[in-house]
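> Sequence:
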Amino acid sequence: MTAPALTWLYAPGDRPRVVAKALAAGADVVVVDLEDAVAPDRKDYARKATAELLTEPQPVPVHVRVNALDGPLAAADLTALAALPGLSGLRLPKVMAPEQITGVAAATGGPPLYALLETALGVERAYRIAAAHPSLRGIALGEADLRADLGVRGDTGLDWSRSRVVVAARAAGLAPPSQTVHPDTRDLEGLAASCAHGRALGFLGRAAIHPRQLPIIERAYLPTERELEEAETIVKAATAQPGALALPDGRFVDAAVVATAQRTLSLARRPTLS
Numbered sequence: 001m002t003a004p005a006l007t008w009l010y011a012p013g014d015r016p017r018v019v020a021k022a023l024a025a026g027a028d029v030v031v032v033d034l035e036d037a038v039a040p041d042r043k044d045y046a047r048k049a050t051a052e053l054l055t056e057p058q059p060v061p062v063h064v065r066v067n068a069l070d071g072p073l074a075a076a077d078l079t080a081l082a083a084l085p086g087l088s089g090l091r092l093p094k095v096m097a098p099e100q101i102t103g104v105a106a107a108t109g110g111p112p113l114y115a116l117l118e119t120a121l122g123v124e125r126a127y128r129i130a131a132a133h134p135s136l137r138g139i140a141l142g143e144a145d146l147r148a149d150l151g152v153r154g155d156t157g158l159d160w161s162r163s164r165v166v167v168a169a170r171a172a173g174l175a176p177p178s179q180t181v182h183p184d185t186r187d188l189e190g191l192a193a194s195c196a197h198g199r200a201l202g203f204l205g206r207a208a209i210h211p212r213q214l215p216i217i218e219r220a221y222l223p224t225e226r227e228l229e230e231a232e233t234i235v236k237a238a239t240a241q242p243g244a245l246a247l248p249d250g251r252f253v254d255a256a257v258v259a260t261a262q263r264t265l266s267l268a269r270r271p272t273l274s
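Numbers 1 to 274, taken from full-length UniProt numbering, label the letters of the sequence shown in order.
The hints are simulated quantities; they were obtained by calculation from the structure and are not laboratory data.
Just so you know, even glycine gets a beta-carbon here, dropped at the ideal spot from N, CA and C.
Accuracy of the hints is not assured; some may be wrong.
[Stated by the list, open to error] Restraint-style ranges between C-beta atoms, simulated for each label pair:
{"no.": "1", "residue 1": "PRO248", "residue 2": "ALA148", "range": "49 to 57 Å"}
{"no.": "2", "residue 1": "ARG269", "residue 2": "ASP187", "range": "25 to 33 Å"}
{"no.": "3", "residue 1": "ASP159", "residue 2": "GLY110", "range": "30 to 38 Å"}
{"no.": "4", "residue 1": "GLY71", "residue 2": "GLY157", "range": "24 to 32 Å"}
{"no.": "5", "residue 1": "ARG128", "residue 2": "GLN241", "range": "38 to 46 Å"}
{"no.": "6", "residue 1": "LEU150", "residue 2": "ALA175", "range": "23 to 31 Å"}
{"no.": "7", "residue 1": "ARG42", "residue 2": "ALA200", "range": "37 to 45 Å"}
{"no.": "8", "residue 1": "ALA107", "residue 2": "GLN241", "range": "49 to 57 Å"}
{"no.": "9", "residue 1": "THR55", "residue 2": "ALA107", "range": "39 to 47 Å"}
{"no.": "10", "residue 1": "GLU99", "residue 2": "ALA144", "range": "19 to 27 Å"}
Let the hints inform the model, and build the full structure from the sequences given.
The structure is reproduced here in structure tokens:
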């Protein structure tokens, strides 16, 4: 079982030096951003610099967040980047309909796609989008835009949307979604608390915008010592006695519990930043 990514580090596509630092920062995935992080007069340069980077494989998986699919720049982004050997995935912003996924899949020939749901309509159609095409490997929220669309001020006002996306991903057979970025790069305590809340909701991992956020995210999503001990006990018991069973402490163990324990152990085996 391959351990899933926990950290996704964004870097602006028009700043190759920042991208190079991101590639060496220890993130599981680097996301080169051609959309929000790039000024309008720098879009062409960002695309060309990113294409040059991706002409060869990179030391870590590199995804590219293209420009909005309903705008004039996305087609040029997809044409320039989709077939490059260094590309590991395309992140599609502001997805609001499954037809957008099938259209990109048909146009690009099959690189892994990741949909960002950033509007009320996108969240409402979360399952249809998640199940739209085999090339779609994940969905996630874009909370800044969603917050503005919903007129939500308090953080808890987004919890229904968060849970909706978690359930939609699982129902479509996708990996649990990662959390959106925590915009204050110096608020590490707030980041840790937010990660704990996201983990409780069913998220797995988080996007970051600064390398200092990476170890906080990783620690929040890696299993604790107690969780590891429990997982080891469950897997050992299930190996010795296949099928449903009761542990000495009275806990009932079935296939779902064993699968959860195996995922916990898989996470613990991944390389860490610390």
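> So which of the earlier hints does this model not fit?
9
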